[in-house]
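Working from the sequences, and respecting the hints, build out all of it.
As you go down the protein sequences, you meet chains A and B in turn. Per the working numbering, residue 258 is the first one in the first sequence, and the count goes up by one each step. Per the working numbering, residue 258 is the first one in the second sequence, and the count goes up by one each step.
Just so you know, the hints here were simulated from the structure itself, not pulled from any lab data. Keep in mind it's a predicted model, so treat the numbers as computed, not measured. Take the hints with a grain of salt, since some may be wrong.
Note that identical chains are pooled: a pair holds if it fits in a single copy or bridges any two copies.
What the hints assert, rightly or not - Cross-link-like lysine-lysine pairs, in silico, DSS-like; alpha carbons within 30 Å at most:
#1 Lys-461 - Lys-545
#2 Lys-461 - Lys-493
#3 Lys-303 - Lys-412
#4 Lys-759 - Lys-744
#5 Lys-545 - Lys-493
#6 Lys-318 - Lys-412
#7 Lys-303 - Lys-514
#8 Lys-545 - Lys-759
#9 Lys-303 - Lys-493
#10 Lys-412 - Lys-461
#11 Lys-579 - Lys-461
Number of protein chains: 2
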Amino acid sequence: MTARRLALARSGSLIAASPRARFLATAASTSIFPSSDQPTHPALVKPGGPIPGPLSIEASKEIGGFQEDRAHAFVADYARSKGNFIVDADGNVMLDMFAQIASIALGYNHPDLVSLAHSPEFVMAATNRPAIGSFPPAQWASWINDGGIGDEWVKPRGLNQVFTAMCGSCANENAYKAVFMAYRARERGEGVAFTDEEMTSCMKNQEPGSPDLSILSFEKGFHGRLFGSLSTTRSKAVHKVDIPSFDWPAVPWPNIKYPLAEHARENAEAEAATLARVEETIVAWRQKAPVAGLVVEPIASEGGDQHASPSFFRALRELTHKLGVFMIVDEVQTGVGATGRLWAHEAWDLERPADIVTFSKKMQAAGFYHNIETRPSVPYRNYNTWMGDPIRALQARQILRTVRASNLLENVRDVGSHVYSNLESLFAGSAMSNLRGENQGTFIAWDLPSTKGRDDFLVKMRRDHGVHLGGCGDSTVRLRPMLVFEKKHADIFLQAVSEVLKNMK
Amino acid sequence: MTARRLALARSGSLIAASPRARFLATAASTSIFPSSDQPTHPALVKPGGPIPGPLSIEASKEIGGFQEDRAHAFVADYARSKGNFIVDADGNVMLDMFAQIASIALGYNHPDLVSLAHSPEFVMAATNRPAIGSFPPAQWASWINDGGIGDEWVKPRGLNQVFTAMCGSCANENAYKAVFMAYRARERGEGVAFTDEEMTSCMKNQEPGSPDLSILSFEKGFHGRLFGSLSTTRSKAVHKVDIPSFDWPAVPWPNIKYPLAEHARENAEAEAATLARVEETIVAWRQKAPVAGLVVEPIASEGGDQHASPSFFRALRELTHKLGVFMIVDEVQTGVGATGRLWAHEAWDLERPADIVTFSKKMQAAGFYHNIETRPSVPYRNYNTWMGDPIRALQARQILRTVRASNLLENVRDVGSHVYSNLESLFAGSAMSNLRGENQGTFIAWDLPSTKGRDDFLVKMRRDHGVHLGGCGDSTVRLRPMLVFEKKHADIFLQAVSEVLKNMK
Chain A
258 MTARRLALAR
268 SGSLIAASPR
278 ARFLATAAST
288 SIFPSSDQPT
298 HPALVKPGGP
308 IPGPLSIEAS
318 KEIGGFQEDR
328 AHAFVADYAR
338 SKGNFIVDAD
348 GNVMLDMFAQ
358 IASIALGYNH
368 PDLVSLAHSP
378 EFVMAATNRP
388 AIGSFPPAQW
398 ASWINDGGIG
408 DEWVKPRGLN
418 QVFTAMCGSC
428 ANENAYKAVF
438 MAYRARERGE
448 GVAFTDEEMT
458 SCMKNQEPGS
468 PDLSILSFEK
478 GFHGRLFGSL
488 STTRSKAVHK
498 VDIPSFDWPA
508 VPWPNIKYPL
518 AEHARENAEA
528 EAATLARVEE
538 TIVAWRQKAP
548 VAGLVVEPIA
558 SEGGDQHASP
568 SFFRALRELT
578 HKLGVFMIVD
588 EVQTGVGATG
598 RLWAHEAWDL
608 ERPADIVTFS
618 KKMQAAGFYH
628 NIETRPSVPY
638 RNYNTWMGDP
648 IRALQARQIL
658 RTVRASNLLE
668 NVRDVGSHVY
678 SNLESLFAGS
688 AMSNLRGENQ
698 GTFIAWDLPS
708 TKGRDDFLVK
718 MRRDHGVHLG
728 GCGDSTVRLR
738 PMLVFEKKHA
748 DIFLQAVSEV
758 LKNMK
Chain B
258 MTARRLALAR
268 SGSLIAASPR
278 ARFLATAAST
288 SIFPSSDQPT
298 HPALVKPGGP
308 IPGPLSIEAS
318 KEIGGFQEDR
328 AHAFVADYAR
338 SKGNFIVDAD
348 GNVMLDMFAQ
358 IASIALGYNH
368 PDLVSLAHSP
378 EFVMAATNRP
388 AIGSFPPAQW
398 ASWINDGGIG
408 DEWVKPRGLN
418 QVFTAMCGSC
428 ANENAYKAVF
438 MAYRARERGE
448 GVAFTDEEMT
458 SCMKNQEPGS
468 PDLSILSFEK
478 GFHGRLFGSL
488 STTRSKAVHK
498 VDIPSFDWPA
508 VPWPNIKYPL
518 AEHARENAEA
528 EAATLARVEE
538 TIVAWRQKAP
548 VAGLVVEPIA
558 SEGGDQHASP
568 SFFRALRELT
578 HKLGVFMIVD
588 EVQTGVGATG
598 RLWAHEAWDL
608 ERPADIVTFS
618 KKMQAAGFYH
628 NIETRPSVPY
638 RNYNTWMGDP
648 IRALQARQIL
658 RTVRASNLLE
668 NVRDVGSHVY
678 SNLESLFAGS
688 AMSNLRGENQ
698 GTFIAWDLPS
708 TKGRDDFLVK
718 MRRDHGVHLG
728 GCGDSTVRLR
738 PMLVFEKKHA
748 DIFLQAVSEV
758 LKNMK
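Next comes the structure, spelled out in structure tokens:
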């Protein structure tokens, strides 16, 4: 963009705060985002005008010359974005409650991450990318353990190993590989070597070396888009059509009614039916492609924020254990604080830990936690050139340190219940239904009557009020603010919702 | 590591240059690595002593507490590594001709990359990782096109689209997905929508929505380790055993004899036989799982540096086109200059460009080049949260600019022929055989009589001479120096080879 245009783009007009606004914070308060220049409100160049605006569209078009641009919502100016506010190429300042598909923890240009990026250690790590599995940096253990992804405060309870990878899909796929190897190792018996037949047949992609084993997942689950992970993803047909897939099983998500507390008995029945179905499926597939692992999200996010009760997950853990199936908890979207817990599955209070917990997104680093049982028998079996990215491990460490130092989990819990209870009141008698996410921090969602209704709602929130939200499932709005989202930001959001609702009536 | 130990580690002793050394550069020359503190020679703490040394072993052990450490060669001190020289945790200074499994282009701590890492643009990009497919940075087109991976000088001839991803495996898998979608789009006919049956069946991983299509690869090929890419990888059983695989076909690599020029006629026959086999396989699999794409490396690297003639690849291109199969050239290891060309497949002089060229490693950024035919019909089909990494795109741009400004391709060609011709003389009458890589820059390899012989050779080069090399295949030594590897470095390497050879006799 030219300098003239950037200057032009800077003249955004503040959305006027109505004196009668119910939810607008009235006093400037200290912020947990430690920078004075975080905007206080959305500011649109022309409220009600189109987003993307002309400069966004022009920049998208240029990108469209060499790369898919039809999924662009708008083109962003990250240098000007700050904290909870994203600025687009036209200069619109929006409250960002989608946060790069739930992948920003601390807000834009957080001073701690900016400082980190200037540190000699970060510059060195960025400039010299090692093959970590063979030539790790001398600081690797410290980057992981001293407040980082391997810190005692961070590791899911009961898991003491961490495999580092590049993204959420890779995290899940490498976890599946670990599970298949461990499953076969258990069948084979301790210390038993591969047979010649296994070694020969695997080179032809044939049994017994390439065994017909499977991963069981849930309908509406999303676990990534590479060939193994996509075979377990069941959220939307557009992700899957035309792509060859492993013939792996899935069972329907329990037919849950919201709010959970009001439908405890029916939900328990639905969950029991699902558990029975899981058991049947695992038993039946022993004759076909034995289920080595079961993968599940604590909240099926991409598939429309589908919840279930802690007792369901506890029973699932016991069932998988009883049937000799490894349990993989996919915390790519739910992990790192958004539910008010570092890991969403902490809410289940498992007696027996899951076998594997995968992560990515807000962690910036990706990978999975596990135990020694799922470390392969010999080296180079679960291996690749990079084995993760040291600078993302350094960022993860800083993010986790800041989460802890600034009590961001507590903030998420407080703000989450503020949002939830206010939405509950606002939605009474409205077209909004199935509000969910009580006691799940800011991981809150609800449904509209149709896909079109949901999409219209998202457009109005953004275009008229400068609040940027995301959808999921068929007709769901999902809240995915950052961990530095405060009550004052929640009030901006709630005010905007109330105004959009008013105009919907 | 403690400060005391680091200080201890700094006292490496220079390997004495013998006055009779045949290959040692005698005069200090200006370097294409623009920094005065690149070491001039390897320096081992105790020549002949073990590598990994005690501090490396200690650091490995610490990592081993939470992560696989059995594939560690040594733990490295990247802050002290410079140019072509890697320094390990014990202070051993080694000439690095493996370069993080062929993934470092410009040497350690190259001033251009250090400057880049300090730039406000890099800091901003590192701190704010966007979901590029939906909220791209305003600078994205410029980062790609202005000297970057989408620059006219960079894009493989005939391809004008670039898909950005996270690593080599992802690059290949996303390329396979693009191929499957384009193949089905061609079958379906232009503008024809998905059927309800396709949309429903794909959610169950069943035909017709999840079609039984395949990717054809070559035995000894390596294309990554995720579930789709691993199904096309055929280099080593240890990569594949116990992992479920798609039943996809492979054909043997042509039975090539080296040097290529001396066996032109026999090789042409072997290549013709392979081409016939490729055609037979594609035709036969139409009844089983039609071949939508063929993937091939210009030099099958992990599988032992298997070469073939340009005419073979030209014929392969014409054959795949004739049979309606998309041709995917995997340049993850061969790309970005190591063969003396930016892309190894330039040597083929194709009349009709390949459909897809994948990249990663030395580019630091990963992805694939293609044309609009392989852009999916609707958005979100080949999509994920991050869609690549902006800071790796910025590094790729700097690497490519430096390659061009410093004439590194010419350097690689010059040094490569120097190395090749000297090895030819050195190996006459020795146990070294099948020297290959003439006119392939520094992408040179040869065989030893056994795996053990090869491994012993690698140990001697490292432990006695401070030259760090890699192996591939069963008994192959592969040279993978950086693009800043100069004749003076080649002479250190050649001198070391000649001494190891002497002691082998």
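Can you tell me if Lys-759 and Lys-744 fall within 30 Å by alpha carbon in one copy, between copies, both or neither? within (22 Å within a copy, 75 Å between copies)
Classify it for me, Lys-579 with Lys-461: is the Cα-Cα distance of at most 30 Å met within a copy, between copies, both or neither? between (34 Å within a copy, 26 Å between copies)
Go through the copies and call it for Lys-461 and Lys-545: within, between, both or neither, with a Cα cutoff of 30 Å. both (20 Å within a copy, 16 Å between copies)
Alpha-carbon proximity between Lys-303 and Lys-493, which holds within one copy, between copies, both or neither at 30 Å: Classified as neither: same-chain Cα gap 35 Å, cross-chain 60 Å, threshold 30 Å.
Are the CA atoms of Lys-303 and Lys-412 at most 30 Å apart within a copy, between copies, both, or neither? Answer is neither; intra-copy 46 Å and inter-copy 40 Å both fail.
Between copies, within a copy, both or neither: which fits Lys-461 and Lys-493 at Cα up to 30 Å? between (32 Å within a copy, 11 Å between copies)
Checking Lys-303 and Lys-514: alpha-carbon separation at most 30 Å within a copy, between copies, both or neither? neither (41 Å within a copy, 70 Å between copies)
At 30 Å max between alpha carbons, let me know whether Lys-545 reaches Lys-759 within a copy, between copies, both or neither. neither (55 Å within a copy, 59 Å between copies)
Indicate which option fits the pair Lys-545, Lys-493 if close means a Cα-Cα distance not exceeding 30 Å: within, between, both or neither. Cα proximity of Lys-545 and Lys-493: in one copy and across copies (26 Å, 27 Å).
Copy assignment of Lys-412 with Lys-461, given that the CA separation must stay at most 30 Å: neither (39 Å within a copy, 34 Å between copies)
Up to 30 Å between alpha-carbons, please classify Lys-318 paired with Lys-412: within, between, both or neither. between (43 Å within a copy, 20 Å between copies)
Consistency with the previously given hints fails for numbers 3, 7, 8, 9 and 10, ordered from lowest to highest.
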